[in-house]
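S.K.: The chain contents come next:
There are 2 protein chains.
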Amino acid sequence: MAKRKSGALLTRIVIDRSSRAPLFRQIEDQLRGAILAGSLSGGTRLPASRALSVELGVSRQTVVQVLESLAAEGFLEMRRGSGTFVATTIPQHVPQRVPSTVAPGMPGNAAPRVSLLGSRFGAAEVDFVSRENRLFLPNSPAYDQFPFALWQKYVNRQARQAYRGNMGYGDPAGHAPLRQAIADYLALHRSDACDPDQIVITPGGHAAFMVAALMLTDPGDGLLFEDPGPLIARNLFESLGRKLVHVPIDDEGMDFEATVARGGGERLAFVMPSRQHPLGRTMSLARRLRLLDWANANEAWILEDDYDSEFRYTGRPLPSIRSIDRSGRVIYVGTFSKALFPALRLGYLVLPPALVGMFRNAIALMLRSVPLAAQMALAGFIADGHFASHLRRMRELYAERRQAFLVAAARSGAGLFEVDMPDSGMNVIAWLQEGRNDRDLAQRAVEAGVHAYPLGEYGAQPLPRPGLLLGFTGVAPHQLGPGLEALARVLACTG
Amino acid sequence: MAKRKSGALLTRIVIDRSSRAPLFRQIEDQLRGAILAGSLSGGTRLPASRALSVELGVSRQTVVQVLESLAAEGFLEMRRGSGTFVATTIPQHVPQRVPSTVAPGMPGNAAPRVSLLGSRFGAAEVDFVSRENRLFLPNSPAYDQFPFALWQKYVNRQARQAYRGNMGYGDPAGHAPLRQAIADYLALHRSDACDPDQIVITPGGHAAFMVAALMLTDPGDGLLFEDPGPLIARNLFESLGRKLVHVPIDDEGMDFEATVARGGGERLAFVMPSRQHPLGRTMSLARRLRLLDWANANEAWILEDDYDSEFRYTGRPLPSIRSIDRSGRVIYVGTFSKALFPALRLGYLVLPPALVGMFRNAIALMLRSVPLAAQMALAGFIADGHFASHLRRMRELYAERRQAFLVAAARSGAGLFEVDMPDSGMNVIAWLQEGRNDRDLAQRAVEAGVHAYPLGEYGAQPLPRPGLLLGFTGVAPHQLGPGLEALARVLACTG
Chain Y
1 MAKRKSGALL TRIVIDRSSR APLFRQIEDQ LRGAILAGSL SGGTRLPASR
51 ALSVELGVSR QTVVQVLESL AAEGFLEMRR GSGTFVATTI PQHVPQRVPS
101 TVAPGMPGNA APRVSLLGSR FGAAEVDFVS RENRLFLPNS PAYDQFPFAL
151 WQKYVNRQAR QAYRGNMGYG DPAGHAPLRQ AIADYLALHR SDACDPDQIV
201 ITPGGHAAFM VAALMLTDPG DGLLFEDPGP LIARNLFESL GRKLVHVPID
251 DEGMDFEATV ARGGGERLAF VMPSRQHPLG RTMSLARRLR LLDWANANEA
301 WILEDDYDSE FRYTGRPLPS IRSIDRSGRV IYVGTFSKAL FPALRLGYLV
351 LPPALVGMFR NAIALMLRSV PLAAQMALAG FIADGHFASH LRRMRELYAE
401 RRQAFLVAAA RSGAGLFEVD MPDSGMNVIA WLQEGRNDRD LAQRAVEAGV
451 HAYPLGEYGA QPLPRPGLLL GFTGVAPHQL GPGLEALARV LACTG
Chain H
1001 MAKRKSGALL TRIVIDRSSR APLFRQIEDQ LRGAILAGSL SGGTRLPASR
1051 ALSVELGVSR QTVVQVLESL AAEGFLEMRR GSGTFVATTI PQHVPQRVPS
1101 TVAPGMPGNA APRVSLLGSR FGAAEVDFVS RENRLFLPNS PAYDQFPFAL
1151 WQKYVNRQAR QAYRGNMGYG DPAGHAPLRQ AIADYLALHR SDACDPDQIV
1201 ITPGGHAAFM VAALMLTDPG DGLLFEDPGP LIARNLFESL GRKLVHVPID
1251 DEGMDFEATV ARGGGERLAF VMPSRQHPLG RTMSLARRLR LLDWANANEA
1301 WILEDDYDSE FRYTGRPLPS IRSIDRSGRV IYVGTFSKAL FPALRLGYLV
1351 LPPALVGMFR NAIALMLRSV PLAAQMALAG FIADGHFASH LRRMRELYAE
1401 RRQAFLVAAA RSGAGLFEVD MPDSGMNVIA WLQEGRNDRD LAQRAVEAGV
1451 HAYPLGEYGA QPLPRPGLLL GFTGVAPHQL GPGLEALARV LACTG
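Chains as they are written, first to last, in our numbering: chain Y, 1 to 495; chain H, 1001 to 1495.
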């Protein structure tokens, strides 16, 4: 009986002599697999090593190595004088079919039992298509103008000087010189004085939203959210089970008076006062102060995404809500994704002193720390003034590209779209005629090699008009005319 | 009345001519601050620009610049023919005292209202002391033997080749060549064949624990946890509100039969089967299979931290639980913190196919993506065989250091501690005589320049004996003897 079974086993072991895996490993894996699958059950006697060696066409030494290894692992038992047996201590396994394809993790009858968060994240619609090199991609820096050689010098310099002393986990709050450099930058360029100890470095701005939502709101808590608003942040907060309270946008930014007057007990407001995404509005000073009053009166928090504050083409930026906060209700988020590049994955929080310990602990326990090499390089890059001068250079470049976009769009887009160009930022809205389907047009634009986000996707409430969001900062001069012409053709030729 | 107020204002504006901040910025910030603080109320008329210029000792142009800027921000109103006034649209602010020091965020009467998670994370005890260069620090690679120049070559090569096409957010699941390199490595060195699509790159192994806990368990769900077990993971899970069910360890690893027989409905088991931290036990094959049966029967999950599987000095490692899982219940976590260095912050998950979509979405929405530069460098480093050869070199080096430690400890520690040296890993336990206070001794050891973790800190239940956890892999030969002598002196001289 045992002979028959092991005979069956031998014919099933297939040796691939072209494989990188050593022979003994191949045999061992298949033998172990057969035991786990139940096709070799506990107590079965294996053929003698000499017989196995002949059948498999490998040296006896290889067979012995396999048997000893599986015995050491507990799969086999070698009984002196009577041979080698499949271990009887192995529980009887009913072979289970392992799903063979990578499923999207949608909830449903066949889905595995996971947490409430897990089922929400599993069901979230996340688009994984890479768009990095698409023309008119919103929020896209001018990668072609990035000072690679200079940046690399800082990466190398920091590496040489610092590897030996900085290979461990590092400070969960972030590399101290980087926090100092950011505090200096904020004081000089945003007129916002903060203590470097109020700063916590995060792996990108988005991670800061995640930590803030978890620390400041409970599942089911209301969260004021600008409508239309940023898609990925909305997706994150909804997946975390926070109740989004969509607030309309007007020329002064988030128009929250009517919403908060209802007294829904919202605990957090997520706002982009410098330049609201995607509409490009700036929140007025009066609104900023009113929002602070609301937060203060309701023990609520303001999560301020100081998005795009770096690139303003006319006038000076308004002070951040954080810098005029007298009562410690603002969690300020900055990122280097727009000013440098997203793959750097560095952002930061500026926190009210009472929240610093909590957020440091959250980073320390959730992530241990943020990668150090990039933090060290960036600290040097800022401290030596290169960040400020890169921003200045980009502001000038983007001002030129903005102007060129306006001129070219007036020519190509006449009668097809109206350009809504904000005073700051990296994107423009091309408003379409009423009744046009911006999602459909955006899809056709992509097919024509031009990227456009349909504005309709950003809103919980329908927008008054359809429109397309286009980025102008990453578009080199020679690409601009042909790109806008291609877009115009799509708009002209699609029903 | 207005004159008086503005007079008061003027004496309060202090100009620091040694500051890097421009004059107009200094004046503007103080003026804005006075308005926000309520010391200049809405409707107050400011002195004429000429008068202000004389009083402050700055040019009239500077004063005009300040007034125009604050008017643009909405703080002032310039009424043609009648002068400049503090805007009446500014809500009346009751000045609030901003907390002036960075508080640890402890909950209590004076603490701000945050979420349940926030209060737990705020109250967590997290130790931020950097220990990187302490002697005998557990889990510390031999940084002095790290191939810096070779690693830097990969960092540079990838940077040169790849910056331009890889500056955006990148694939949230991780850089595809790195996932392929990890899959190849696991197949060859862990006998674990997986599809690269089952792999999700994380910013370190710990982030993988965080995501897995959130996706697979709800707050209040039971989580089987080895006792004693890793401190930071315990702190994380407890802060996330998961109910830790502490399971004792014996020579076969986590001894969970009695616990699961109680039918507590636990949803997840966090295990370190290769080498349990801190006791250094390896989970037996029979236990691994039983744990799989439990997970399968209870629709529960196994979070397998394949900690320290790389460094085994005698015999071959047991197959990972994941590699013998026939029913897709194992979430496998690997990290490069031990094999390379922690500051790299790269780890990975190998997921059952049904969970891949959910975990990808979680990384995409919580973090957007993981920094690309380090992923690209590591992918090349692995693909070119340097990772495998570095591990081989370190395994040989650590075997030597392990042997040297045993010899030196036998000499220095006789009568003071007994060494419990596992077959694998980077740490050793020095068991102390009963009745000794390991926390107190560890504290004194640190004062003597030697790092030791008291074993008592790792357990929810008291351990049978006190002990100290010491790392031997990061200790260079010339440090070993003096270090153990220093430890012995502490043990001999402390009550």
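It is worth saying that the hints were derived from the structure and are not from the lab.
Ideal Cβ positions, reconstructed from N, Cα and C, are used throughout, including at glycine.
Please note that a few of the clues may not be correct.
Dumping the calculated SDA-like pairs for lysine to any residue here, alpha-carbon to alpha-carbon at most 25 Å [to be verified]:
#1 H/1153 - Y/156
#2 H/1153 - Y/243
#3 H/1153 - Y/113
#4 Y/243 - H/1240
#5 Y/153 - H/1160
#6 H/1243 - Y/153
#7 H/1153 - H/1113
#8 Y/153 - H/1148
#9 Y/243 - H/1220
#10 Y/153 - H/1147
#11 Y/153 - H/1219
#12 Y/243 - H/1156
#13 H/1243 - H/1296
#14 H/1243 - Y/240
#15 H/1153 - Y/240
#16 Y/153 - H/1296
#17 Y/153 - H/1152
These stretches of chain H come out as covered by chain Y in the derived footprint (C-beta under 8 Å, 3 or more residues) [said to hold, decoys possible]:
#18 1028-1041
#19 1120-1130
#20 1344-1357
#21 1393-1400
#22 1442-1450
#23 1455-1465
#24 1481-1491
Covered, in the sense of this in silico footprint (three residues per stretch, anywhere, with C-beta under 8 Å from a C-beta of chain H), are these stretches of chain Y [stated by the list, open to error]:
#25 208-220
#26 356-363
#27 368-374
#28 377-384
#29 391-398
S.K.: Out of the numbered hints, which ones does the structure contradict?
M.R.: 2, 3, 6, 7, 11, 12, 15, 16, 21, 22, 23, 24, 28, 29
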